[in-house]
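J.: Protein chains in written order, with the working numbering: chain D, 1 to 180; chain A, 1 to 209.
Calculated directly from the structure, the hints in this document are not laboratory data.
Now the stretches of chain A that chain D is said to cover, found in silico as 3 or more residues with beta-carbon under 8 Å:
| id | region |
| --- | --- |
| 1 | 46-58 |
| 2 | 62-70 |
Taking CB as the label site, the calculated pair distances span:
| id | chain 1 | residue 1 | chain 2 | residue 2 | range |
| --- | --- | --- | --- | --- | --- |
| 3 | D | Thr48 | A | Leu104 | 32 to 38 Å |
| 4 | A | Pro147 | D | His34 | 42 to 48 Å |
| 5 | D | Pro20 | A | Pro147 | 45 to 51 Å |
| 6 | D | Gly55 | A | Pro81 | 25 to 31 Å |
| 7 | A | Tyr114 | D | Phe26 | 19 to 25 Å |
| 8 | A | Ser183 | D | Phe26 | 31 to 37 Å |
| 9 | D | Val180 | A | Glu22 | 54 to 60 Å |
| 10 | A | Gly174 | D | Val36 | 48 to 54 Å |
Note that beta-carbon positions come from the ideal geometry of N, C-alpha and C, so glycine has one too.
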Amino acid sequence: MIKREPMTIPPDGRPEAEQPRWRRDFPIDWPQDHYVARRDFTKFMVLTSLAFTVGQFWIVAQNFWRKRRGEMPVRQIATVEQIPVGGSLTFTYPEAKDRCVLVRSSEETFVAFSQECTHLSCAVVPEPEKGRFLCPCHAGSFDLLTGRPTAGPPRRPLARIKLEVRQGAIYATGVEAQTV
Amino acid sequence: MEFFIDPNRCIGCQACVQACSECDTHKGHPMIHLEYVDRAHSVQTTPVVCMHCDQPTCAEVCPADAIKRTEDGVVQTARKPRCIACSNCVLACPFGVPKMKTELKLMMKCDLCYDRTSVGKRPMCATVCPSQALFFGTREQIELLRPRSTPTNRFQFGNQTITTKVNMMLPKVGQAEYLDVTSVMSEQASGKSISLNVLMDNLYQGEED
Numbered sequence: 001m002i003k004r005e006p007m008t009i010p011p012d013g014r015p016e017a018e019q020p021r022w023r024r025d026f027p028i029d030w031p032q033d034h035y036v037a038r039r040d041f042t043k044f045m046v047l048t049s050l051a052f053t054v055g056q057f058w059i060v061a062q063n064f065w066r067k068r069r070g071e072m073p074v075r076q077i078a079t080v081e082q083i084p085v086g087g088s089l090t091f092t093y094p095e096a097k098d099r100c101v102l103v104r105s106s107e108e109t110f111v112a113f114s115q116e117c118t119h120l121s122c123a124v125v126p127e128p129e130k131g132r133f134l135c136p137c138h139a140g141s142f143d144l145l146t147g148r149p150t151a152g153p154p155r156r157p158l159a160r161i162k163l164e165v166r167q168g169a170i171y172a173t174g175v176e177a178q179t180v
Numbered sequence: 001m002e003f004f005i006d007p008n009r010c011i012g013c014q015a016c017v018q019a020c021s022e023c024d025t026h027k028g029h030p031m032i033h034l035e036y037v038d039r040a041h042s043v044q045t046t047p048v049v050c051m052h053c054d055q056p057t058c059a060e061v062c063p064a065d066a067i068k069r070t071e072d073g074v075v076q077t078a079r080k081p082r083c084i085a086c087s088n089c090v091l092a093c094p095f096g097v098p099k100m101k102t103e104l105k106l107m108m109k110c111d112l113c114y115d116r117t118s119v120g121k122r123p124m125c126a127t128v129c130p131s132q133a134l135f136f137g138t139r140e141q142i143e144l145l146r147p148r149s150t151p152t153n154r155f156q157f158g159n160q161t162i163t164t165k166v167n168m169m170l171p172k173v174g175q176a177e178y179l180d181v182t183s184v185m186s187e188q189a190s191g192k193s194i195s196l197n198v199l200m201d202n203l204y205q206g207e208e209d
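This is chain D alone, in the form it adopts within the complex:
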């Protein structure tokens, strides 16, 4: 490490060693201010690459846990008669904190999506007459049938809830996180 002599003497005139720490952190002299020691640079590089490596293992571990979690619970949400065409119903699935919304867009079609907007997690509002979900926070909108973003800040689609209709009852059977 190259030791550079400071040019500017502090107002009290005492040597550098007796000066407060902030004078070393915020030097007036240009060379000291722009000087990065090789050791500091190496430390930064090693720690950054270590963080990347740990991140890779973290992704692998996440994948493993996701497989271990097993099947999603199957839960009855409503009956077909409960929801008119163009009507909607909010429910929670799979946990009590995961708010979802079920929409009957036509006689035969039921769709359900997570209510969490993919932009900043506001709750989206279904607007079946306009064929979209609207996020009131930043006027983001999603397609009613596919959950894909159509306008506003969101870039990712809403998480889709898999549905099954058995003997007049609607069941949620899983969550499908969509990426495009």
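Since chain D is already given, all that's left is putting chain A on it; use the hints.
T.: Same frame as chain D, now just chain A:
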């Protein structure tokens, strides 16, 4: 090569101001001030460039760590990404050098034309000054050119002693150790009284004859 300011020789022609504002790094913004010493009583002007202190007060008071001193001893204009336009330096400078450009949100000041002086050229103001009130050259040259003056770079501002890179020419007779920056506030410029005495003397001489 050093910078010498001789305010005695300033004729107020504004050439330095115009030359400074021609620079491409701050086009239209002169970094040199041409100040009237006492406008009510005298037409005497004095050019004010940055003195480039050895302990720059502007940098000491900067809360954003924006004012830096390079290896050649030049105190630079505030770094644009850091300057927060707080005007601390403007208020703190003993010589009143830094200017706050509010339209740019940046403090700008004389940087001794480091782009020119580093390659052996004179600063722009010194090249255009017709009376060489702003002189850039060696100590031997200035001694030959100004035999009755002596350069000093020690200043007193209240209790603060300042040493600078730029020199100020003082009369040799006074043998002054330093220049008190604040003395100009208590003393009146003597230009008018001298010229009046000359006039009156000539008048009385005419009557006697």
